[in-house]
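Engineer: Listed below are the residues making up each chain.
Number of protein chains: 2
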Amino acid sequence: MPAQDETLKIDKNSNVLMVAGSETDANIYYASHFLAPDPFIYLQTKGTSYLLMNDLELDRARAQSDVAQVLPYSKYEAEAKTAGIESPGLSDVLSLFMLEQSVSQWIVPANFSLRLGDALRKQGHTLLTKDEPFFEARALKTETEVEAMREAQIAVEDALDSTLDLLRCAEIKDGLLVLEGETLTSQSVRRHLDLALMEKDCIAQHTIVSCGVDACDPHNEGSGPLRAHESIIFDIFPRSNKTRYHADMTRTVLKGKAPDALKRLYDTVLEGQLLGISQVKKGVNGREIHQNIMHCFEKKGYKTGLIDGRMQGFFHGTGHGIGLDIHEPPRISKADHVLQTGEVVTVEPGLYYPNIGAVRIEDMVLVEDTACRNLTTYPKFLELD
Amino acid sequence: MPAQDETLKIDKNSNVLMVAGSETDANIYYASHFLAPDPFIYLQTKGTSYLLMNDLELDRARAQSDVAQVLPYSKYEAEAKTAGIESPGLSDVLSLFMLEQSVSQWIVPANFSLRLGDALRKQGHTLLTKDEPFFEARALKTETEVEAMREAQIAVEDALDSTLDLLRCAEIKDGLLVLEGETLTSQSVRRHLDLALMEKDCIAQHTIVSCGVDACDPHNEGSGPLRAHESIIFDIFPRSNKTRYHADMTRTVLKGKAPDALKRLYDTVLEGQLLGISQVKKGVNGREIHQNIMHCFEKKGYKTGLIDGRMQGFFHGTGHGIGLDIHEPPRISKADHVLQTGEVVTVEPGLYYPNIGAVRIEDMVLVEDTACRNLTTYPKFLELD
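Protein chains in written order, with our numbering: chain G, 4 to 388; chain L, 4 to 388.
Warning: the hint list may mix true and false statements.
What the hints assert, rightly or not - Subject to a maximum C-alpha distance of 20 angstroms in a straight line, what follows is the list of computed SDA-like cross-link-like pairs (lysine to any residue):
no., chain 1, residue 1, chain 2, residue 2
1, G, Lys337, L, Ala81
2, L, Lys203, G, Leu74
3, G, Lys337, L, Gln294
4, G, Lys245, L, Glu224
5, L, Lys260, L, Gly215
6, G, Lys245, L, Asp217
7, L, Lys284, L, Gln294
8, L, Lys245, G, Asn223
9, L, Lys245, G, Gln315
10, G, Lys203, L, Lys203
11, G, Lys203, L, Glu150
12, L, Lys306, L, Gln294
13, G, Lys245, L, Glu82
14, L, Lys203, G, Glu202
15, G, Lys337, L, Lys203
16, L, Lys125, G, Lys78
17, G, Lys337, L, Pro91
18, G, Lys12, G, Arg65
19, G, Lys84, L, Asp339
20, L, Lys203, G, Gly304
21, G, Lys125, L, Thr129
22, L, Lys78, G, Glu202
23, G, Lys78, L, Ile88
Please keep in mind that the hints were generated in silico from the structure rather than gathered at the bench.
Predicted model only: the values in this text are computed from it and were never measured.
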């Protein structure tokens, strides 16, 4: 029977089951603080947490994880064989553990495997799925988590700083940016940024360095020569290798002289972004913030929608939660969400018009009781000096 | 009703549904060749493939994906609202599309969301789960895929080469490796390796540079000063940014003079690895290869199992499939698998004894009809010259 319950909350006495690889699944990493490339089993019941680990990871899990009991998967596998199951699978092993605990009802994440879920239900267990945020506490950052994100953010700002120096030192030749005889491209500048981040033990992937009309597609990573007098979007969102927390910042800059229409576009996005930041605090509905920014843009004549067969204007959300995942709850968008103290969100409105250019400006902020704390300190300017 | 069918095969006429982010889910990337951080919808029916994309990704998906039809999610969302659903969710939107196609039975991956699966089944759709390999063809690499992995492998070999030069140039002082006044550590050497890989547009994470007793835990990444006269395991497995394919190689080296017991351990692992490679070809059962290596080790007196409360000997599989995922089917292990032409697998036996040291040697090979093609060309030696 499909079983869902919107009111499910997880606390230390809940019965929780997860099976996932912690490299890609932040919930199992959050619960275990154990990093492994292959899926493993996490259970929580009667106030105790458990890992069932294969022989290869057993000792490392005991040494490194935050979990109270690390048990050998092979022990339950052997028991299942003794009980007459020729080739026991994951569901047989889990079933044995669940019976041993005399617990038949478990909360699993929404993304729990349908195949494993089917098998466990067939063996008589009840699984209740819970949507994100699976662990409510994950959305409310501790001071240690905020510090980890601030540390990653410092790496981002240093990396952007040294990268913009390249653009500052470049000359403009035939409308392109040339440094020491080489034409700067999205690729070469991204390489510089990503290497600078790796020097600070941060892994960046899909860093956006996107110029002109390319940047009008907000997720286009950019390619080819950077051009003078056109806006260049830098969107930088690495993960810290040390803490696994992310930072996320976007700046839009230009080498040369900005056309008036682009200057006005930049000023409008900046006005909208500052308006958004000024409204972020506990108890405010993110939907209102998003609408207020949209309204601010519309008042200046910047419409959003399908124009000449492509999306133009402000056609993405205002921001997203960030932490162990680059995108995690909550969203600041047209959907309702009442902000809570401790959430870390981005505020990143943008405007995109192929005949003018693209501008996006993004800071990462911590929601507090009466305002927000901006974790980003990098200055905002369009034209490079 | 739990529905599973071990005989399911996917061909171009199958009805396939996936909902996942292609950054972390290789199957949806394999089918769409579209890279996006957030989950999106892939469907395949009656020989045509579809993406349902949000407005933000619509244009980019049309330009970049391999999929025949890229449709706006918002169109179906609007239709659902017209049909009286106040806040249509993913299952409502999918349901509309499925009804439009008059197809009620779909194959989904084993890791399909239990919550979404429950919702779709409640709406009357049949979902059959299929285990890995979801797409049979993904395990059988094309020449283009092999070329991508060979390209990543060249980056790995170049990076290790320049890294071992650091060790060659280092002096031994008080048993440690010192280069230009700095003591070499797992961390500093890993940093050098990872930066060299990034220079070649490869992203390395969790590269293992592990010395002495640390390396006796095969997934320990290593930390602290590297010591002379002890074995150091380098296990390097980056992803190419350009192609998203992986390479994977392990070498065990030593600076200084190897104790006889360690030399003998090294020679035994090398003998086992070469034995394994010599047996890889179409039609051979991986289980036999694994057993033969284990037997070779046992004949020389190297036992495997729990010794003094920790796993010692050869306590992991012989190898794994590799491609878009670092670990993917098939495995060469104690489980049955008959090798097929076109599979790319690692052959990486190891022996781990805290009182002697750790040795693992790994190549990546392509299964062919009468033998295997070794995609690794890096030499194998214990003592650095």
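Engineer: Confirm or reject each hint.
Structural biologist: Structure-based check of each hint:
no. : hint                : result
1   : G/Lys337 / L/Ala81  : holds (15 angstroms)
2   : L/Lys203 / G/Leu74  : violated (41 angstroms)
3   : G/Lys337 / L/Gln294 : violated (59 angstroms)
4   : G/Lys245 / L/Glu224 : holds (13 angstroms)
5   : L/Lys260 / L/Gly215 : holds (14 angstroms)
6   : G/Lys245 / L/Asp217 : holds (19 angstroms)
7   : L/Lys284 / L/Gln294 : holds (16 angstroms)
8   : L/Lys245 / G/Asn223 : holds (15 angstroms)
9   : L/Lys245 / G/Gln315 : violated (29 angstroms)
10  : G/Lys203 / L/Lys203 : holds (19 angstroms)
11  : G/Lys203 / L/Glu150 : violated (32 angstroms)
12  : L/Lys306 / L/Gln294 : holds (13 angstroms)
13  : G/Lys245 / L/Glu82  : violated (46 angstroms)
14  : L/Lys203 / G/Glu202 : holds (16 angstroms)
15  : G/Lys337 / L/Lys203 : violated (41 angstroms)
16  : L/Lys125 / G/Lys78  : violated (37 angstroms)
17  : G/Lys337 / L/Pro91  : holds (14 angstroms)
18  : G/Lys12 / G/Arg65   : violated (28 angstroms)
19  : G/Lys84 / L/Asp339  : holds (17 angstroms)
20  : L/Lys203 / G/Gly304 : violated (46 angstroms)
21  : G/Lys125 / L/Thr129 : holds (17 angstroms)
22  : L/Lys78 / G/Glu202  : violated (45 angstroms)
23  : G/Lys78 / L/Ile88   : violated (50 angstroms)
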